[in-house]
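Chemist: Guided by the hints, dock chain B onto chain A, whose structure is given.
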Amino acid sequence: MSDNFADHFKGKDALGHVIDARVKGRLAASESHGLEIPGHVGELLYSIKETTAILLLLWISMQTMKIPTSQILHIYIFLFFGWIVWSAGRSAFLGWLRLQRLNRLITEEKWEIEHHRDQEKQELEALYKAKGFSGKLLQDVVEVLMADDNRLLQVMLEEEMGLTLSAFEHPLKHALFSLVGVVVTFLAICGSIILLPTYGIYIAGALMVTVTIIMSSRKEKTELMSSLVWLIGIFGISIASVYFISQILNIFIFKL
Amino acid sequence: MKNNFEPYTFDEFFASGLQESTSPFLTEESKTWSKNLGLKSAMASVIFLAIAFIFSFSIQPLSFLFLTFVYFLAGIPALIKTFKDFRSFEINIDVLMTLAAFMAVLIGNALEGALLLVLFELSGAMEESVTFKARGALHKLNELAPTMAWVVDNDGSAYQRSVKEIPVGAKLLIKANEIVPLDGFVVEGISSVNLVHLTGESAPVTKKPQDEVPAGAKNLESAITIQVTRISADSTLNKIIQLITHAQEAKPKLQRWLDKFGKAYASTVIVLTIIFTVVLPWILSIGFWGDEGSLYRALAFMIAASPCALIIATPTAYLSSISSCAKNGILLKGGVTLDALASCKTIAFDKTGTLTTGELSISDTSHLFGDIQDTNFALSVAASLERHVIHPISAAITGYAQQKQLKQIEILDFESKAGFGLTGNIILNNQKLPVAIGLSSFIRSMLPDDLKTLLDSKMKELNLENQVIATCLIDRSVYVIRMKDTIRSKTKELISLIGKERQLTPVMLTGDHKLSAQSVAKMIGINQVFADLRPEDKLNLVASLSEKEGLAMVGDGINDAPALARATIGISLGKIGSATAVDASDVVLLNDDLFLINWLIGKSHKTLKIVKQNLFLALSVIVLATTPALLGYIPLWLAVILHEGGTVIVGINSLRLLKK
Numbered sequence: 001m002s003d004n005f006a007d008h009f010k011g012k013d014a015l016g017h018v019i020d021a022r023v024k025g026r027l028a029a030s031e032s033h034g035l036e037i038p039g040h041v042g043e044l045l046y047s048i049k050e051t052t053a054i055l056l057l058l059w060i061s062m063q064t065m066k067i068p069t070s071q072i073l074h075i076y077i078f079l080f081f082g083w084i085v086w087s088a089g090r091s092a093f094l095g096w097l098r099l100q101r102l103n104r105l106i107t108e109e110k111w112e113i114e115h116h117r118d119q120e121k122q123e124l125e126a127l128y129k130a131k132g133f134s135g136k137l138l139q140d141v142v143e144v145l146m147a148d149d150n151r152l153l154q155v156m157l158e159e160e161m162g163l164t165l166s167a168f169e170h171p172l173k174h175a176l177f178s179l180v181g182v183v184v185t186f187l188a189i190c191g192s193i194i195l196l197p198t199y200g201i202y203i204a205g206a207l208m209v210t211v212t213i214i215m216s217s218r219k220e221k222t223e224l225m226s227s228l229v230w231l232i233g234i235f236g237i238s239i240a241s242v243y244f245i246s247q248i249l250n251i252f253i254f255k256l
Numbered sequence: 257m258k259n260n261f262e263p264y265t266f267d268e269f270f271a272s273g274l275q276e277s278t279s280p281f282l283t284e285e286s287k288t289w290s291k292n293l294g295l296k297s298a299m300a301s302v303i304f305l306a307i308a309f310i311f312s313f314s315i316q317p318l319s320f321l322f323l324t325f326v327y328f329l330a331g332i333p334a335l336i337k338t339f340k341d342f343r344s345f346e347i348n349i350d351v352l353m354t355l356a357a358f359m360a361v362l363i364g365n366a367l368e369g370a371l372l373l374v375l376f377e378l379s380g381a382m383e384e385s386v387t388f389k390a391r392g393a394l395h396k397l398n399e400l401a402p403t404m405a406w407v408v409d410n411d412g413s414a415y416q417r418s419v420k421e422i423p424v425g426a427k428l429l430i431k432a433n434e435i436v437p438l439d440g441f442v443v444e445g446i447s448s449v450n451l452v453h454l455t456g457e458s459a460p461v462t463k464k465p466q467d468e469v470p471a472g473a474k475n476l477e478s479a480i481t482i483q484v485t486r487i488s489a490d491s492t493l494n495k496i497i498q499l500i501t502h503a504q505e506a507k508p509k510l511q512r513w514l515d516k517f518g519k520a521y522a523s524t525v526i527v528l529t530i531i532f533t534v535v536l537p538w539i540l541s542i543g544f545w546g547d548e549g550s551l552y553r554a555l556a557f558m559i560a561a562s563p564c565a566l567i568i569a570t571p572t573a574y575l576s577s578i579s580s581c582a583k584n585g586i587l588l589k590g591g592v593t594l595d596a597l598a599s600c601k602t603i604a605f606d607k608t609g610t611l612t613t614g615e616l617s618i619s620d621t622s623h624l625f626g627d628i629q630d631t632n633f634a635l636s637v638a639a640s641l642e643r644h645v646i647h648p649i650s651a652a653i654t655g656y657a658q659q660k661q662l663k664q665i666e667i668l669d670f671e672s673k674a675g676f677g678l679t680g681n682i683i684l685n686n687q688k689l690p691v692a693i694g695l696s697s698f699i700r701s702m703l704p705d706d707l708k709t710l711l712d713s714k715m716k717e718l719n720l721e722n723q724v725i726a727t728c729l730i731d732r733s734v735y736v737i738r739m740k741d742t743i744r745s746k747t748k749e750l751i752s753l754i755g756k757e758r759q760l761t762p763v764m765l766t767g768d769h770k771l772s773a774q775s776v777a778k779m780i781g782i783n784q785v786f787a788d789l790r791p792e793d794k795l796n797l798v799a800s801l802s803e804k805e806g807l808a809m810v811g812d813g814i815n816d817a818p819a820l821a822r823a824t825i826g827i828s829l830g831k832i833g834s835a836t837a838v839d840a841s842d843v844v845l846l847n848d849d850l851f852l853i854n855w856l857i858g859k860s861h862k863t864l865k866i867v868k869q870n871l872f873l874a875l876s877v878i879v880l881a882t883t884p885a886l887l888g889y890i891p892l893w894l895a896v897i898l899h900e901g902g903t904v905i906v907g908i909n910s911l912r913l914l915k916k
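These protein sequence lines map, in sequence, to chains A and B. FYI, the working numbering numbers position 11 of the first sequence as 11, with every residue one higher than the one before it. If you want the working numbering, it's the 1-based position in the second sequence plus 256.
For reference, chain A alone in the conformation it holds in the complex (with noise of 0.2 angstroms):
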């Protein structure tokens, strides 16, 4: 009985497993056009997914334009100073963003417990009620609860806005590792330009690509083979759009 329960809770106590499975939630519900991993882990796996889409579609774009693979180098030197300001500047104010919303939030509930006591007695009751609790069980959950105003404001911010306490990291270990990110990135692919000119950057985004989803799918436990086919299809997708609409534009527009 006790081996059952020592699996259950992975060698921590029943909150700390509590907030693990929180954390877990919090990571299957994040936005799939953001960030799939919460973290410094996730950010360095999103920046150089978007780096290396946003150097592939370049290269397109400038092949079918028939700009020299050298002229393409010196743009993406260019450019490679301002994305790494931009990507480490954008993931650090969204991470203070983040924060400084979290913590008006914690403000907010602190003097709603002040000042709407009674409210937030019935809106603990309806929350535990929705859990199955009913009668004297109920009245004597609420009083406990309402007893401690440090205890009421945790359970006010887990319960009712689903948020967890102490699973955020700092908006600069996010900045920091979106900028390793980035320099990877940049590193993999004007090498590759360098050392196989013609299809070395396809090789090398479509490693770059796979080694970001096979991290990803690991920390997520999802499916590898599926991630990897539909990430590879829409980055397919997206770089034959570029691809036939500029030859389209070119031959209509441009008259290249």
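Derived from the structure by calculation, the hints contain no laboratory data. Backbone N, C-alpha and C define an ideal beta-carbon position, used for all residues, glycine too. Please note that the accuracy of each hint is not assured.
[As the list claims (entries may be wrong)] Reference excerpt, derived from the structure (chain A facing chain B, CB under 8 angstroms, subset only):
id, residue
1, T222
2, S226
3, V229
4, G233
5, F235
6, V242
Modeler: Showing chain B alone in chain A's frame:
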């Protein structure tokens, strides 16, 4: 819209196989986006393909752009499936199709490859839609099953508990308009229940103390308290849900063989394609690449030889039939049941509760001995005693007395001896006389010794063994009230139709007395009667008939369960049948309409006919298209049209079985 505090029901999500359209994480509005996503994607692919085809004559890059969309929408899911199949070393039809479509790109025939992908996606979406319809009945039943119940404690307070944790014997409060969560019998309160979702029967049925109520019934009027007789896993509703689940999983013999054959066949076609690609340039003096090349011809051969239509020929037909049966209130344990039913030459009916309703009616009343000889007076006394209790015999006697407008007699000192009979006194001609009704042994015990012997001899004379009787005593006069079962309506027509239209021999199997069995058999037109059967005799007879010529056995009660399980096909009555009988049978008639048996047998024959038609059509396409494809008479696009056209026709032919 659900409010945020209402507990979410996850059952539909799990029952649907985690389908996106039932995901608990999506808003109600967003769920509609997910419905028929496969079909929507296929339709979008069709439009993109049409645009690609139109622009292929004028603006090539635009045509290629739209082809890319087609390969993305239809090709990526196919590619994922193929990789997964490769990973598990499984070469099947999906692998064949995906390989052909992507190889077509390599030889510069991307348009034909896209056509193949789109048609393959369309036929897949159609198959999915048939499967979804067949699963509809299960969703509805799952929606019916409550997950929580109000348990009444010893102190009278009620609290909610998960139905999975409620033991046998617990008391449950069922409020008005609530669904009964578990099988049980009423212990308090009177109300009407509706079994429409469970059995198709819409008329409300009154339930009073001691009456059984099945899980899934809807309480219509006032609150009742029931005592649980079966736990959640054993409940009638759960057994029915399991039956439908098995129906979707149990594959007929032919389908199992085709599944196995499909894998070997697909591998052979791939090997042959490689061989033809390599060998044809030498044999026919043609090139390797181009529209006349060996790769092109081998690809056309591969598409024409693909067994898509062959693979869907059987499952779509069986699923359509199962779905149609479910709509008529017939549950089947899979397509295998239809095969077996079509092979039966004999159909055996249990008598009591199956051919007859199990409701008793008075056949005659005999005066055995004593001074008071008026049988109508005896019936008045009997009805006056019986009106105090609830029992099938009392219902028959009081009903008969009411029908004959017999007057009620006041019973003094009424007493009920549970399991034996009822006693009391009446005033007749200013005299207080003892009266009683019950088992003959009970009445015998109240008689003096000389009358005991007389009763024994009279009973022997009347040959009452195996008959339902009630013995009535008025002072020193004794009467026997004989009762008979009521024959179900339209039974005679059914027996006649089964013989004439389906060429099945009807027989009757019963544990009842031969005379009583023969009289019922004569009334409904059954010539072969096996009476006085003990359960083991019945089982042996069913086993021998099943082995000899295939037997469909129709029964209802727990005593029929072994015979139902042993017969080639066991058909049980779901409404009155026991959960054990339902479990042991292959077919359940939810609304107890025996007349549906004739329709069902017809359906089983029609299903086999359509399966044969489908197989013929699928094989014809393969045989007629493969060789011309190799010789270059059939271009790639025509091979695709022939192959996928055959698949669509086979699917549409199967859908004909959906008709009621």
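Chemist: So, for every hint listed, does it hold in this structure?
Modeler: For each hint, the structure was consulted:
1. T222: 13 angstroms, violated
2. S226: Since the shortest Cβ distance to chain B is 5 angstroms, the answer is holds.
3. V229: 5 angstroms, holds
4. G233: 4 angstroms, holds
5. F235: 11 angstroms, violated
6. V242: Hint violated; A:V242 Cβ to chain B Cβ min 10 angstroms, cut 8 angstroms.
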